[in-house]
Amino acid sequence: MTATACDACLRRTDLIAALAGRIEIEWLGRRGRPQLLALGDEALLEWAGVAEIGARFRGFAAAPARAAIAAAGLSAVCRCEDDYPPGLRDLPDPPAVLHWRGRLPAEDDEAVVIVGARRATAYGTEVAHGLGRSLAAAGLTVVSGMALGIDSAAHAGALEASGRTVAVMACGADRSYPARKQALHRQIAASGAVVSEMPPGFTPFRWAFPARNRTIAALGRATVVVEATERSGSLITADLAMEIGRPVAAVPGPITSTRSAGTNLLLKTGAEVVCGAQDVLDLLFGAGARAAPSRADQEPLSPELRRLFDAVRDGRGSPAELAGDGNALAVAAGLGELEMRGLVRRSMGGTYVAVLG
Amino acid sequence: MALAAVAAFAMDGVESRRVTVEADVRRGLPAFTVVGLADKALREARERVQGAIKNSGYRFPEERLTVNLAPAYLRKVGPSFDLPLALAILAATGQVDATATGTAAFAGELALNGDLRPMRGALAVAQGAHRHGFARIFVPRSRVLEAALVDGIEAVGVDTLTEAVDILAGRAEPRPHPPAPAEMIDADALDLFDVRGHNGLIEAIKVVVAGGHNLHLQGPPGTGKTMLARRLPGLLPPMTREEATEVTRIHSVTGRHRGTGLITQRPFRSPHHTISASGLIGGGATPQPGEITLAHHGVLFLDEWSEFNRGALEALRQPLEDGRVVIVRGQSVLTFPTRCMLVAASNPCPCGMGGNDCRCSAADVARHDRRLSGPLLDRMDVTLYVARPTAEQMQGQVPQTSAAVREAVLGARAVQARRFEGTAVSCNGQMTPRMVRELVAATPAALDALNLLHDREGLSARGYHRVLRLARTVADMEDSERVHPLHVQIASSWRTDAKSMPVAA
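Chain order of the listed sequences is A and B. The first sequence begins at 65 in our numbering and counts up by one. The second sequence begins at 401 in our numbering and counts up by one.
Only chain A is shown next, with the shape it has when bound in the complex (with noise of 0.2 Å):
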């Protein structure tokens, strides 16, 4: 555990924390990405104009800080050194300090960014958990934000391929937000990282998650958006990661569907269509550079069990809809087998889906 961050980035993180109640309501008339971060220590203090925080600013002690840091388990690395990420210096306004619970992204790691809907359709999560998992499995790292949703989805199909993950907290990165996925906060620090600008403890204001959407952004070399509203906020990573030059990808979903309006939206606008991890791959290293770990097409399937994957990949969920008048037996029996070999998996009350390929 060490906090090797300088004092100067040490204090302005601390400004932040401090102001982050009038950058709250400074920020719910904008909304989008908080522009105040971009300003200097001075120009805040001028901007908030508070006596109490010039003087706290002005009395800043590091030493403190830093033990708070090594208290919570974090590390930390600031701006000015050489070990902070390079990817977040192409931000205009890069975070001052990155707290971390982990291992680090490394400069070599290949990062690759899905985020989506908190309010994911179950074909969603099957798609956000796909890739992620794809994706690890082929030595990408997988970015999110650890919402619920497609961003758990995702890191939770990479810890599958037992890949590295890495979270972007909007709270402090020793906190789980939401709290109910400590177990999953747990596990990406043990696998990747958890990660956050914050400092430890820091109970996150609403501007922190658009603000944290930035770091996303620019810790990866691509940004997949799995499934999103008009209004969701992975817009707002994808116009960031546009912003500083990262090619944007999105998965179509049904136009009858307002969960994927956000998406398909994307994709009219010139965003990269993303039908699988082999895609995702080809946009990353040019086409056919790497391939995706090999599944179902390349399998030999009797021709019994391969009718019967191409129905589940229809769509048709439940073993008594797949057996219909047909032999429910044999079709469970292959139902157990196909998810033995890995194809399918058990989803949502004992329904089965393809898994992607």
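Coverage of chain B stretches by chain A, computed from C-beta distances (three or more under 8 Å per stretch; other residues unrestricted):
id	region
1	598 to 607
2	852 to 859
Sample of chain B residues with no beta-carbon within 12 Å of chain A, all distances over it, derived:
id	residue
3	405
4	443
5	455
6	462
7	495
8	499
9	502
10	512
11	589
12	637
13	640
14	677
15	684
16	807
17	818
18	824
From the structure, some residues in chain A lie toward chain B, with a derived Cβ separation under 10 Å:
id	residue
19	182
20	183
21	186
22	242
23	380
24	383
25	391
26	392
27	393
28	396
29	398
30	401
31	403
32	406
33	415
Derived by calculation from the structure, the hints in this document are not laboratory data. Here a beta-carbon is modelled for each residue, glycine too, at the ideal position from N, C-alpha and C.
For chain A, the structure is supplied; the task is to place chain B on it using the hints.
For chain B alone, kept in the frame of chain A given last:
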């Protein structure tokens, strides 16, 4: 004679305990005292008994009258002590021959005019009387068919106090029993044949019933979950005579039986989700059997499972495992039998639509799943998704009849009966983890298949045992001695696991 004793029986849970009603008449100011831990209904018996005796044309002693109910420590509840009480008084005052009352036991509530009203628990009383070696049991005529179910004791049905006195005095003969009324529910009324568009589920249901596994039905509202569940008792093998007698006794004690003799239909209980823990497993100041005991030898159906109070569901765990529930109250310890098949139905999410049509927030879905994945999921060997049938399936499919399914069930039950001979369990669904290890006889290849699921799909240790238990039944259906990989594959496609919930949770 100024002292007489008559035998009666008090209900203690679903059992009966012998009680002696002693009446003592002596000189003094007219008074009528009942002692011996009697409840309110029994203390009020003084007024009913006095009225009934006088209105039947007998003499009520205008002297000091004390009635004692022994043993004194046992709480006596309810009005069915009226008849023995009246007869004890008549015997003590010499209006009935005391030797005639000595060889019989009595039960029944009196009306003021001397008529006998229907009573609860006639079967339990008759069983108790037989156990204590009585030759005859007198019960209200409307409940005599129930008492007559006990072999080795003569059940006498009487309509009035006068009739009882006349039979005891030898002035009248007991009348023949009334004919048994037609069964209230026709067994064939609930046939699987009426369930359209769910043929794909029938094989799984066959296995579930054959192994006596607990079942979780999940699916959108209105797809037929309840309809299927209601037909499950009719798929189980017919009850044995002992089972039927036990069920009749339980239902009679709780006043749910109308005196129609033996209950031959397996019970189906479907309590509303607002039920309390004591309503479900039994309880109350005077402990009464709960729904799980009323479902003994039948099916306990929990519709809208996720809406049930968590404490109530938690309370079900131990009775489901032990097959009985022990209720301790200050003065008594009661044991109720609880061997039943648990069937629960739930919607995939709060809005009920599930999948891509779902309109619930992630938090709502997560809350819903947490309620489901709680205390009882471990006890559910099988989860079946009941999808909305298409119009084509509704019209095109020819469903199987309950009789055809029952036949397959009977075959597999015979195999299990041999396996579990001499043990407390009767079917695979009741196997303990240890029995699973010792009795499932899985081939090494089958275990490999299961280990694969365990490693890759995160099957829990409990889930592992559940799949093995179910696979044993799948193998029994085809009378296969070993459990092969095929059986594990089939069982795993119907399994319950925590991960059958959406990843978003």
